[in-house]
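Colleague: One letter stands for each residue in the lines below.
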Amino acid sequence: MTVAATEGKGRRLSFLLVLLALGALVLLAATAAIALGSVRIPAGQVWGILLHRIHPALAEPAWAPVRETIVWDVRLPRVLLAGAVGAGLAVCGMALQALVRNPLADPMLLGISSGATVGAVLVVVLNVTVLGMFTLPLAAFAGALGALVAVYFLALGTDGRMTPLRLVLAGVAMAEVLSAVVGFLIVTSGDPHKTQAALRWMLGGLAGSTWRLIWIPLAVTVLGTVALLAVARPLNLLLAGEEAAAALGLDVHRFRSAMFALVAVMVGAAVAVSGAIGFVGLILPHVVRLLVGADHRRALPAAALLGAAFLIAADLAARTVVSPEEIPVGVLTALAGGPFFLWLMRRGAAR
Amino acid sequence: MTAAPPGAPGALRLESVTVAAGGHTLVDAVSLDVAPGEVVGLVGPNGAGKTTLLRTVYRALRPTSGRVLLDGEDVRDLPAKRLARRLAAVLQEIPGAFELTVYDVVAMGRTPHKRAFAGDDDADRAVIAGSLAAVGAGELAGAPFDRLSGGEKQRVLIARALAQRAGTMVLDEPTNHLDLRHQLDALRLVRGLGATALVALHDLNLAAAFCDRICVLRAGRTVAAGPPAEVLTPELLADVYGVAAEVAVHPATDRPHITLLPYGNPPAAAVQPPDPPHPAPEGAL
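Going down the list, the sequences are from chains Z and Y. Just so we're aligned: 142 in my numbering is position 142 of the first sequence, and the numbers increase by one with no gaps anywhere. Just so we're aligned: 116 in my numbering is position 116 of the second sequence, and the numbers increase by one with no gaps anywhere.
Keep in mind that the hints were calculated from the coordinates and are not lab data. Ideal Cβ positions, reconstructed from N, Cα and C, are used throughout, including at glycine. Hints should not be assumed to be uniformly reliable.
[Stated by the list, open to error] Each pair of labels, with its calculated beta carbon distance range:
#1 Z:251 to Y:147: 23 to 33 Å
#2 Y:226 to Z:226: 50 to 60 Å
#3 Y:147 to Z:17: 23 to 33 Å
#4 Z:172 to Y:184: 43 to 53 Å
#5 Z:16 to Y:260: 26 to 36 Å
#6 Y:139 to Z:258: 34 to 44 Å
#7 Y:96 to Z:261: 56 to 66 Å
#8 Y:22 to Z:153: 57 to 67 Å
#9 Z:223 to Y:221: 50 to 60 Å
#10 Z:187 to Y:23: 28 to 38 Å
#11 Z:184 to Y:22: 39 to 49 Å
#12 Z:258 to Y:96: 22 to 32 Å
[Unchecked claim] Covered stretches of chain Y (in silico footprint by chain Z; criterion: 3 or more residues with CB under 8 Å from a CB of chain Z, positions within the stretch not fixed):
#13 42-51
#14 70-84
#15 89-97
#16 115-127
Turn these sequences into a full structure, and let the hints guide you.
Modeller: Next comes the structure, spelled out in structure tokens:
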């Protein structure tokens, strides 16, 4: 058998092992995140409660009802949301890096999170509550989509085509303008409480997750990730360069526009409920490439799992490290991500 | 293992293809027929329009006028994926590929044959392995593409085009970066496929040795086209390239062989036109 043939087979095996390990990591992080907190619940009881809620015959209830409330209504939604946001940001970052052929691209790059921030800060500053608990996420999502539409049309040239460079430039310019708007809104609000609330949102956090709030981002992340997996091969082609991708049968411009819209909606849905959590979408794709290679058919599922495990763990740290205070999870991811980013740059420069 | 046999060779026809950009006419009414299974060489000095012409064939560039037909169908009317099953291209430019391995890069060649979610099956893996083996790069399969030498990259990209199993191939200076042995191997491989091939080449002796016919471009126009022995004459070399040369049929190959005369004076009328600028790729900023 030739080297190339063994290469194809051997990698499938190791990929399955990595995927299983990452899946176990997600379960481990989720179990820890549900078990730990102001009230400690043994891991066995966590799973007993979860299984009992899924089907009463699966486990005998031998716990106080309040524990069931803590596990099912307080911690589980938060863990699911952290997993969805982490997975969504990671796969979006990976797709985006292929889309603009730049390994330093980040979901926050396209101005989407800045748009969401404007929406959220407007709600906080103007004290809008028309839609109850959905007001802020919906405003944030509307802001994200508004920014998306603006960046999209700015990035389209007079020839109706979108290039990576124009996309990045339009995104960066949009982000700058929108940050200025946010700064203006916060400074002129004149209310320290509002300033505090706006700032907290901007730093990212998953507090206050409820079942009613999480199902939309959950569904968007799952469907979006499946859609990205379906185009894993075309995403690979983009890495080969525009002309080569076209020669390999990809309608590059149409594909890029569709992917941009998909990624923007996914990032918008995540940012709307979690604030601007940085670095997850930038760094995890790189870690994943080190683990399973850059082929998107392997890298995307791995990125989804690693992203979920990472943000569940980060959120656990955010709410337990200085408890009862809570650190914005975006601060933690940035603290971990900044140094990694620099290391990555130095590594790139050394090559 | 040899490369998998490609699909049925196509008939390639360029009908009065003209490409103009920025006030320059880069390709001027070039017509060319490549019969099924024929290997046609495209030669000419730098800036003659070889790459521009090839880009209209694999659709990276829209001709200002004229059209490119594959088996009678305008390539611009074919969906990209269907065209890629019938026409493969080896481009001159070699961009980086992030951390993709050589295997991943060659596997891209299977994309036009696959639906969404479809993994590589045993047949795909055989095609990928066979394509790599055909260019003598089987042992590079696991290496990161970006770490290869220029010549290795070139061979891997030829393997990727082979993995498409298209009946028609367009190759833009596929011998660039290759050492002597691999130059011969690559062209012998293209010849041996039985596929229709349009190949831009710098080396006239290689073109003479491997091509059924040669098309000479100068400043975007066809100057001569025909079998190597008829086209490659001292007069043409003087006229198009501005060099003095002797052409003789080499006894060992039975093909015309060009010997440049470094200090010989080229005959008159050998003033080269200035190189026109290259057109920007479609969609560039």
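Colleague: Each hint: holds or not?
Modeller: Now for the hints, and whether the structure bears them out:
no.	hint	in the structure
1	Z:251 to Y:147: 23 to 33 Å	holds (31 Å)
2	Y:226 to Z:226: 50 to 60 Å	holds (56 Å)
3	Y:147 to Z:17: 23 to 33 Å	holds (25 Å)
4	Z:172 to Y:184: 43 to 53 Å	holds (49 Å)
5	Z:16 to Y:260: 26 to 36 Å	violated (58 Å)
6	Y:139 to Z:258: 34 to 44 Å	holds (39 Å)
7	Y:96 to Z:261: 56 to 66 Å	violated (27 Å)
8	Y:22 to Z:153: 57 to 67 Å	violated (26 Å)
9	Z:223 to Y:221: 50 to 60 Å	holds (54 Å)
10	Z:187 to Y:23: 28 to 38 Å	violated (52 Å)
11	Z:184 to Y:22: 39 to 49 Å	holds (43 Å)
12	Z:258 to Y:96: 22 to 32 Å	holds (24 Å)
13	42-51	violated (count 0)
14	70-84	holds (count 6)
15	89-97	holds (count 5)
16	115-127	holds (count 6)
The structure does not agree with the numbered hints 5, 7, 8, 10 and 13 stated previously, though it agrees with the rest.
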